[in-house]
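K.L.:
Those protein sequence lines, which keep their order, are chains A and B. Read the first sequence against full-length UniProt numbering and you will find it ends at 509, with the numbers running on by one and no gaps. Read the second sequence against full-length UniProt numbering and you will find it ends at 509, with the numbers running on by one and no gaps.
No wet-lab data here; the hints were simulated from the structure. Don't take every hint at face value.
Stated by the list, open to error - Listed below are the simulated DSSO-like cross-link pairs for lysine-lysine, each with C-alpha atoms no more than 30 angstroms apart in a straight line:
no.	chain 1	residue 1	chain 2	residue 2
1	A	K93	B	K442
2	A	K393	A	K377
3	A	K442	B	K119
4	B	K457	A	K457
5	B	K393	B	K377
6	B	K442	A	K119
7	B	K93	B	K119
8	B	K119	B	K198
9	A	K393	A	K368
10	A	K199	A	K141
11	B	K141	B	K393
12	B	K198	B	K393
13	A	K457	B	K455
14	A	K455	B	K457
15	A	K93	A	K199
16	B	K379	B	K393
17	A	K198	A	K119
18	A	K192	A	K141
19	B	K475	B	K442
20	B	K192	A	K455
21	A	K442	B	K93
22	B	K198	B	K93
23	B	K141	B	K199
24	A	K198	A	K393
25	A	K442	B	K457
26	A	K379	A	K393
27	B	K368	A	K368
28	A	K199	A	K393
29	B	K377	B	K199
30	B	K442	A	K457
31	B	K442	B	K457
32	B	K192	B	K377
33	A	K141	A	K198
All values derive from a computational prediction rather than experimental measurement.
Protein chains: 2
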Amino acid sequence: MLQQSPRLTGICNQRRPGTVRCNCFHGSWQSKIVTVPTASSSYHQGFRWPRMGLRVWNAVLLVCLSFLLAPESMEAFLRPASAYPPLLQALQKGPLKVSLVGSGNWGTAVGKIVAANAKDSHIFNTDVRMWVFEEEVEGRKLTDWINNNHENRKYLPGFELPSNLRAVPSLTDACRDADLLVFVMPHQFIEKACRELKKAQLLPPHTRAISLIKGIGVRNGWPITLTHEIGSILDLPKPCILSGANVANDVAAENFAEATIGHPDGETETAALWQLLFDRPNFKINVLPDVDGVEVCGALKNVVALAGGFCEGMGQGTNTKAAILRLGVEEIKTFIMTFFGDLLADTLYDSAGYADVITTVFGGRNSKVAAEFVRQKGKGWDELEREMLNGQKLQGPATLELVADVIRANEVEHLFPLFMSTYRVAFEGADPQTILDVFRTKQPRSIQRSEDCVKLKVPTLVQDARNRIASRLRKLGRSISELTRNPLDAPSDNVASANHKTENSCPRN
Amino acid sequence: MLQQSPRLTGICNQRRPGTVRCNCFHGSWQSKIVTVPTASSSYHQGFRWPRMGLRVWNAVLLVCLSFLLAPESMEAFLRPASAYPPLLQALQKGPLKVSLVGSGNWGTAVGKIVAANAKDSHIFNTDVRMWVFEEEVEGRKLTDWINNNHENRKYLPGFELPSNLRAVPSLTDACRDADLLVFVMPHQFIEKACRELKKAQLLPPHTRAISLIKGIGVRNGWPITLTHEIGSILDLPKPCILSGANVANDVAAENFAEATIGHPDGETETAALWQLLFDRPNFKINVLPDVDGVEVCGALKNVVALAGGFCEGMGQGTNTKAAILRLGVEEIKTFIMTFFGDLLADTLYDSAGYADVITTVFGGRNSKVAAEFVRQKGKGWDELEREMLNGQKLQGPATLELVADVIRANEVEHLFPLFMSTYRVAFEGADPQTILDVFRTKQPRSIQRSEDCVKLKVPTLVQDARNRIASRLRKLGRSISELTRNPLDAPSDNVASANHKTENSCPRN
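Excised from the complex, chain A in its bound form (with noise of 0.2 angstroms):
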């Protein structure tokens, strides 16, 4: 077994420096070198974790290669999925133990619909942990309304909970051994959170976790997801992530919604299995090759909705505010661009692009307190998160922060008028109406060319129902000039179209 080696650690800056990947600009390579055996190696006896025969000078001189090669590699730096044991190893021992860490809002209804599911599964363990900051509640404590009452007073009252959603006042104990991970936790306490469970060493080595965390961070000028946060931390590979058009009450009261689950390249499988996890009759769970995607639309849509809010708030209507939905779309996916790479058009069409960007518009706390900035001018967000929230947090003016902190370190505030703006009415001072001035040119926009153009591929379904009309039409020995005959040509009754019912009346617009 290969040894570690101190200059691959760093240049690596990673915990394990037996696989490296680089995610280049155009396109990725991944080069895996030696995989090591973690400490924990007695979770998975039955797997023979397989040896490689590079010698370790070798590996040394192709990870500084690699690094020549591509040297404007932009992207963080995890193992890849493949480094680690898989989860499905763990599945063969028995079912898989699911702790969520977070039991707020929307922790609990997640809680609820994972603990629903868990229930007759032989895929997951019946018992699911649910860590739970302990307060008092009416005199008692929350874990004890949770684990007798099944009701979360404080955060999801009126709902009641699955018997074998179990809460823990401990974060080691209610993630000991588990297979599965949720965070469903505020951005802020992800850090100390992960740190705890690092050190108290309690997790297998083919652990998943996803986040259901809307949120990003930045350090040193560079925007960080918090997948790779918590992958970097625990030393998990990549986590998943889930998110969509999902306010948490309507999930909780079973009104039917959807959510998008993004997996790194290699977590195919875990995603499955998380979806498992998630899907219900009421909540399905559409599965994308893309966290990057998922995460970093879930983070920006509330900066969204704090220039939708604005708009609210100045009295426009819903042209002004399907523009603004419009443009903060278009500088979400030149963010994922420019900071991530690739993004995916099936990204922005699934629940966790546009509908969730939509709902947050249009029905968010964001956008209701962001157009109460703007008519009650001269309140602070503190101020008003105080008076409007009940003790909820704001998240689009923090995530606001940061994304222009990570706009203007790198000097690409031209790509990001909205962003820009926005930001500047939400802590400068900025007149509101100047976010029209990011449209209102007096030049016309240029012309999109097709070349320029992204065509959508016909999924296999259409192309079939499309080649069985053709040939139904070839049998019959007609063909589509037939069926779009000229109307100057077709004997008017032969139109059997709404279309031409023409009235007596006369035309009248």
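Take the given structure of chain A and dock chain B to it, following the hints.
P.N.:
Only chain B this time, still in chain A's reference frame:
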């Protein structure tokens, strides 16, 4: 000069056999055979129309061959724009004459924009004619209100119109010698108006049209766009289309709004002129090479609005509405791909795509009436329209009927679960809850794999920024691995992140 071949007319069912264009499934091919000058060629004496040297039998053979080679062609046949004299040729003789066909709520709002742009223009004639169906309003003629009081008292009361917008009660007088025709009227009347214009033979052959109408036709089970209808009846090149998130009164009030112009192949120059005619500081126009995509989005959004309205009526929250909206746009995509072929991602990202669907679902009259349809169970569409819309027309139910006709005629119900369930609720007395059954399955949704996803292109501007950032980092001797240093290795005081301002209070969700 070649003569018209009767066989060609028989095959093509087209007005002029000279040029035939077929778009087959896997691309498009174009067979420009012969171009016949029109009877009204006196309009362009300064222009020498090129004579083509092909024999008539060659032409017949070529067209027959084309049909053999592309029997599955599913596109409407219209001559390509290059077969018509270019618009720029007319511009050489002086400013272009603009006529609006329609003067309702949206027509007058658009008339206000067009006349304002034409006022001090060297490109457009200052006198903008608007065809007004004459009627009496408060004891005076509507044309009199517009021409003397500069107000459309009936359809857009309270807004001052530019003095150069002239109401003309006769359709032929309004459109005589027009270089640019703007169609903006209810789709029921478009065929009659076009036939009247064609019969009068008063349009020069270089005339171009644009449609601002939201609707779709169906003939023999096949969807026909209104631009196709206008182009083929008037024998003009396929018109452009303008669509977007445009509530008429908000646009008239000069609240900010955006719109998309879709243009057919070969009409980029024409589209640029349309952009100049419509673009205002408060009404920004984007131009895309996708007329069918933009048009079908504009028509089918009203169907999605009905589904959204039903959810509103059932008391569902924004999560559910967002899911309806997502699937609605997905089915619009599928409809365009099935019946029209290619679709650009850019169309869906522009004002005519998501932005318009959002505005319509959240603020449109179709959505409002559909909500009442559910609440006041038993009332029909006509009754609700009369009670709620004060004379305005509801386009959603009519469009939904046409769409369902097309879907059933081509046996592709399985591709449109949302549209068909909306139809059953709207017209067959189905329980509105059945709309949600479209989403509610016990099986998880399928997992989307990388190879099935569409990667978005990185725009040049963004790529430039990325290169610049990377090179700056190199000059500083830094790399991204340093920026995203593992927090376990980095001293915490180096971490400049609001994300890491851990608070003293304990974690709480």
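K.L.:
Out of the numbered hints, which ones does the structure contradict?
P.N.:
Hints 19, 20, 29, 31 and 32 not satisfied by this model.
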